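Engineer: Residues per chain are reported as follows:
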Amino acid sequence: MTIPTPAVAEAPEPQTPSPRQPGWWRTNRLALIALLVLIPAIGIGVGWNEWYSYYGYGARKVTAVEVPDKGTVKVAGAEWGPIRSGEIKDTSTLNMPEGTRLLAAIVPVTPDGKAVSCEPPMLVQQSTGREWTPMRSEVGIPYSYDENDTCVSDLADEKDPESAQPFSLTVGFVVPDDVTGPFWLDVDPRGDGRFVRFSIDP
Amino acid sequence: MKKVLPWLLTLVLLAGAWVLNAVALPEGSSEASFLTPATVGHAATARNLTLTVTDVRAARSIVDPTGRTLESTWVVVDVDAEALDSQYGATLGFAELTVGERTFRATERIESFFRARLVPGVPRSGAVAFELPSDALKGTGTLRLGIPSDARYDGLVELRVDLGDIPVEDAITLPATDWTRS
Numbered sequence: 010m011t012i013p014t015p016a017v018a019e020a021p022e023p024q025t026p027s028p029r030q031p032g033w034w035r036t037n038r039l040a041l042i043a044l045l046v047l048i049p050a051i052g053i054g055v056g057w058n059e060w061y062s063y064y065g066y067g068a069r070k071v072t073a074v075e076v077p078d079k080g081t082v083k084v085a086g087a088e089w090g091p092i093r094s095g096e097i098k099d100t101s102t103l104n105m106p107e108g109t110r111l112l113a114a115i116v117p118v119t120p121d122g123k124a125v126s127c128e129p130p131m132l133v134q135q136s137t138g139r140e141w142t143p144m145r146s147e148v149g150i151p152y153s154y155d156e157n158d159t160c161v162s163d164l165a166d167e168k169d170p171e172s173a174q175p176f177s178l179t180v181g182f183v184v185p186d187d188v189t190g191p192f193w194l195d196v197d198p199r200g201d202g203r204f205v206r207f208s209i210d211p
Numbered sequence: 009m010k011k012v013l014p015w016l017l018t019l020v021l022l023a024g025a026w027v028l029n030a031v032a033l034p035e036g037s038s039e040a041s042f043l044t045p046a047t048v049g050h051a052a053t054a055r056n057l058t059l060t061v062t063d064v065r066a067a068r069s070i071v072d073p074t075g076r077t078l079e080s081t082w083v084v085v086d087v088d089a090e091a092l093d094s095q096y097g098a099t100l101g102f103a104e105l106t107v108g109e110r111t112f113r114a115t116e117r118i119e120s121f122f123r124a125r126l127v128p129g130v131p132r133s134g135a136v137a138f139e140l141p142s143d144a145l146k147g148t149g150t151l152r153l154g155i156p157s158d159a160r161y162d163g164l165v166e167l168r169v170d171l172g173d174i175p176v177e178d179a180i181t182l183p184a185t186d187w188t189r190s
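Line by line, the protein sequences are chains A and B.
One rule links them: number in this note's numbering = place in the first sequence (from 1) + 9.
One rule links them: number in this note's numbering = place in the second sequence (from 1) + 8.
It is possible that part of the hints are untrue.
Unchecked claim - Covered stretches of chain B, going by a simulated chain A footprint (3 or more residues, C-beta under 8 Å):
| # | stretch |
| --- | --- |
| 1 | 118-129 |
| 2 | 160-172 |
As the list claims (entries may be wrong) - Derived DMTMM-like pairs: lysine to aspartate or glutamate, alpha-carbon spacing no greater than 25 Å straight-line:
| # | chain 1 | residue 1 | chain 2 | residue 2 |
| --- | --- | --- | --- | --- |
| 3 | A | K70 | B | D63 |
| 4 | A | K70 | B | D158 |
| 5 | A | K98 | A | E140 |
| 6 | A | K98 | A | D187 |
| 7 | A | K70 | B | D162 |
| 8 | A | K98 | B | D186 |
| 9 | B | K146 | B | D63 |
Don't read these hints as lab results, they were simulated from the structure.
Here the structure is a predicted model, which is why all the values come from computation and not from measurement.
All C-beta atoms in this analysis are idealised placements derived from N, C-alpha and C, irrespective of residue type, glycine included.
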């Protein structure tokens, strides 16, 4: 009887210097690149969709088309301008509050053929972005068929919708004395993301 | 230790849930209005609006600027108001008086300052009137005024009014909406 020789632990096989294991980043590089592309793409896609559902379809004014000084511009099927603007100095017959100015503007509009429609013009102080909309009955100026603050054009021939006549937008704004120009007068034609922007300093 | 740990964890989680439940704002808070507290005679600002309630009165009948008389129980609120940045869509579109569980909107039966146009930097004045049941002139009422007709996410001016304290006049002639004259 001999003492059995204890089993010798097998020597671990000498590690063959395997080719360097590719790292995790390298293994997943395709997916990582895809993520790099897809995450911003989703952000942009969702953002654009939200933006477009609000501002798109010409529903709101987005892009200003600036009108050259004393000039005109063609937007949304009509020619806009040249603008006349100024301060109404004699307001003795009107109901004006103290410490305010009445600024007025007249914008001739010449439709190409079909009638155009638009929002009432808005007066925007360039330095602050404060906005005023037209006032009329509030200062005691009665309604007049010839002085509209929105786009209303008669047809030269009632049967021909392509015969819209030129007309003018006539608007007045009540602004505090301490609000000084220059201003923009923005007119937003419906159904177009662009809007007409006159620069005035009455 | 091993037996205690799950119970301890359970307690911690329960306590956490209780705290969370206790501090959570009521449902709908995310769209609640931003309220600016105000008092009679002092200007308050809420987003695009600066407003002063100059008086709160009560009467059994009111006469509107066109001369129409309406008998009921009325609370009349005199207001000076102006817009701040934009006149676009700026009207006094929100006027509600909450008494107890009931909320009343300003009357549209007469010409009033309700839905009057507001101008940036140029104050206008007028009055809004609330028609109440005859038993409602008691306790504290909460008056909320603002520009948006839908006041979610938007600013409102809020006043507490002691309705029992207001003397009830026989008739009040509502001022016509006009520029504020000092």
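Engineer: Evaluate each hint against the coordinates.
Structural biologist: A quick look at each hint next to the structure:
Only residues whose C-beta sits within less than 8 Å of a C-beta in chain A count toward coverage, and the stretch 118-129 of chain B has 4 of them, enough to reach three; the restraint holds. Note: the stretch 160-172 of chain B has 0 residues with beta-carbon separation from chain A under 8 Å; the three-residue rule is not met and the coverage is violated. Restraint check for K70 (chain A) and D63 (chain B): not satisfied, since their Cα atoms lie roughly 41 Å apart, outside the 25 Å limit. Between K70 (chain A) and D158 (chain B) the alpha-carbon distance is near 23 Å, which keeps this suggested pair within the 25 Å criterion.
Proposed proximity of K98 (chain A) and E140 (chain A) is supported: the alpha carbons are some 21 Å apart, at most 25 Å. This hinted pair checks out: K98 (chain A) and D187 (chain A) have alpha carbons roughly 16 Å apart, not beyond 25 Å. Between the alpha carbons of K70 (chain A) and D162 (chain B) the distance comes to roughly 23 Å, so the proposed pair stays at or under 25 Å and holds. Restraint check for K98 (chain A) and D186 (chain B): satisfied, since their Cα atoms lie roughly 21 Å apart, inside the 25 Å limit.
Only pairs whose Cα atoms come within 25 Å are accepted, and K146 (chain B) paired with D63 (chain B) is accepted, the gap being roughly 17 Å.
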